[in-house]
Amino acid sequence: MHMPPWFWFSMIVLVTWGVVGLLQKLSTNEISAESALIWLVVGFFVIAPVFYPGKVLFASPVRSLAYILASGALNAVGAWALLAAMKSGGKASLVVPLTALYPLVVVLTAPLILRESITLLQTGGVVCALAAVVLLST
Amino acid sequence: MALVAFRSKWFWYSMLCVVCWGGWTILAKLGSNDISAEASQFLFAWGMLPVALVLLAGRRFRMEKNRKGIFYSVANGVLSAIGGWALFAAYRTGGNTAVITVVTAMYPLFAVVLAMLVLHERLTKLHVIGLVFAAAAFVMFSF
Numbered sequence: 545m546h547m548p549p550w551f552w553f554s555m556i557v558l559v560t561w562g563v564v565g566l567l568q569k570l571s572t573n574e575i576s577a578e579s580a581l582i583w584l585v586v587g588f589f590v591i592a593p594v595f596y597p598g599k600v601l602f603a604s605p606v607r608s609l610a611y612i613l614a615s616g617a618l619n620a621v622g623a624w625a626l627l628a629a630m631k632s633g634g635k636a637s638l639v640v641p642l643t644a645l646y647p648l649v650v651v652l653t654a655p656l657i658l659r660e661s662i663t664l665l666q667t668g669g670v671v672c673a674l675a676a677v678v679l680l681s682t
Numbered sequence: 018m019a020l021v022a023f024r025s026k027w028f029w030y031s032m033l034c035v036v037c038w039g040g041w042t043i044l045a046k047l048g049s050n051d052i053s054a055e056a057s058q059f060l061f062a063w064g065m066l067p068v069a070l071v072l073l074a075g076r077r078f079r080m081e082k083n084r085k086g087i088f089y090s091v092a093n094g095v096l097s098a099i100g101g102w103a104l105f106a107a108y109r110t111g112g113n114t115a116v117i118t119v120v121t122a123m124y125p126l127f128a129v130v131l132a133m134l135v136l137h138e139r140l141t142k143l144h145v146i147g148l149v150f151a152a153a154a155f156v157m158f159s160f
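Chains as they are written, first to last, in this note's numbering: chain A, 545 to 682; chain B, 18 to 160.
Errors might be hidden in some of the hints.
[Stated by the list, open to error] Derived DMTMM-like pairs (lysine to aspartate or glutamate); straight-line CA-CA distance at most 20 angstroms: (1) B:LYS26 to B:GLU138; (2) B:LYS82 to A:GLU574; (3) B:LYS46 to A:GLU660.
[As the list claims (entries may be wrong)] Which residues of chain A face chain B? A few of them, derived with a C-beta cut under 7 angstroms, are: (4) HIS546; (5) PHE553; (6) VAL564; (7) LEU601; (8) LEU626; (9) SER661; (10) SER681.
[What the hints assert, rightly or not] Quick list of simulated restraints, FRET-style, between CB atoms: (11) A:LEU658 to B:ARG109: 20 to 30 angstroms; (12) B:PRO67 to A:VAL600: 23 to 33 angstroms; (13) A:LYS599 to B:LYS46: 19 to 29 angstroms; (14) B:PHE78 to A:ARG659: 39 to 49 angstroms; (15) B:PHE88 to A:PRO605: 15 to 25 angstroms; (16) A:PRO605 to B:ARG84: 16 to 26 angstroms; (17) A:ALA603 to B:MET133: 44 to 54 angstroms; (18) A:LEU665 to B:LYS82: 42 to 52 angstroms; (19) B:PHE88 to A:LEU656: 39 to 49 angstroms; (20) A:PRO593 to B:ASN83: 43 to 53 angstroms; (21) A:GLY598 to B:VAL71: 26 to 36 angstroms; (22) A:VAL590 to B:ASN83: 43 to 53 angstroms; (23) B:PHE23 to A:LEU658: 23 to 33 angstroms.
What the hints contain is simulated information worked out from the structure, not anything from laboratory work. From a predicted model like this one, the values you see are computed outputs, not experimental measurements. Backbone N, C-alpha and C fix where the C-beta goes; we use that ideal spot for every residue, glycine too.
Bound-form chain A, shown alone (with noise of 0.2 angstroms):
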């Protein structure tokens, strides 16, 4: 059976993002929540320069360098606090799906920042995220 290249590439995300939260549990049982993220910065530059773009970086503009650096601290300290959670007892299982809910802060606040309207739709998925946060902390 023939599979297109998305389909490909959408199962190295599964597995990639999946495992890492199994990754993430089995680290916390070993080291603190800090030194994990520290380590986990390490894992992110070694396999950086596969990314460098080369000296078109330096023409771009300086918000939108500014906007990715700073989208880059908001994400480790975000990392951060997801292995504090697992270090604290939280169990991957619940973590995990409990933390990727967080499109529900980009869907109730892009219509302030990025000026897009929330569909109906999207609308559902607050409703079903809020559900969802309140049945994973029970």
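Fit chain B to the known structure of chain A by using the hints.
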């Protein structure tokens, strides 16, 4: 019953993660208008660096030497970055964006299956219903 979790540290750390990752997504969206996906992925590591350095300073530059923990954490970073690259690559193939987004948004459920198989974690019926709601939310957010 939910009040029990609301008193738990892990729940509030998780909520902090949700807020930070929400902000991360918005900033990444604002920045990606003029910067390619690969360049964003490259810069991303540099954005994470100051946070790692602050945490390192907080530990007075003393690192734990547990090899297993270090291996799991570095692998965590490498796989996270590969997953991010694969997501951009999937979008670039010209496949249906909505389908790709929905399929990849299911990674938490794969993580749950792994946690049950490898870590032998068990879920209550309410947790399973919560996962169904979460899966529905992932799909709805994708459109």
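Verification of the supplied hints:
no. : hint                                     : result
1   : B:LYS26 to B:GLU138                      : holds (19 angstroms)
2   : B:LYS82 to A:GLU574                      : holds (10 angstroms)
3   : B:LYS46 to A:GLU660                      : holds (12 angstroms)
4   : HIS546                                   : violated (14 angstroms)
5   : PHE553                                   : holds (4 angstroms)
6   : VAL564                                   : holds (5 angstroms)
7   : LEU601                                   : holds (5 angstroms)
8   : LEU626                                   : holds (4 angstroms)
9   : SER661                                   : violated (13 angstroms)
10  : SER681                                   : holds (4 angstroms)
11  : A:LEU658 to B:ARG109: 20 to 30 angstroms : holds (22 angstroms)
12  : B:PRO67 to A:VAL600: 23 to 33 angstroms  : holds (24 angstroms)
13  : A:LYS599 to B:LYS46: 19 to 29 angstroms  : holds (25 angstroms)
14  : B:PHE78 to A:ARG659: 39 to 49 angstroms  : holds (44 angstroms)
15  : B:PHE88 to A:PRO605: 15 to 25 angstroms  : violated (39 angstroms)
16  : A:PRO605 to B:ARG84: 16 to 26 angstroms  : violated (43 angstroms)
17  : A:ALA603 to B:MET133: 44 to 54 angstroms : holds (48 angstroms)
18  : A:LEU665 to B:LYS82: 42 to 52 angstroms  : holds (49 angstroms)
19  : B:PHE88 to A:LEU656: 39 to 49 angstroms  : holds (42 angstroms)
20  : A:PRO593 to B:ASN83: 43 to 53 angstroms  : violated (27 angstroms)
21  : A:GLY598 to B:VAL71: 26 to 36 angstroms  : holds (30 angstroms)
22  : A:VAL590 to B:ASN83: 43 to 53 angstroms  : violated (19 angstroms)
23  : B:PHE23 to A:LEU658: 23 to 33 angstroms  : holds (30 angstroms)
Checked against the numbered hints above, the structure violates hints 4, 9, 15, 16, 20, 22; every other hint is satisfied.
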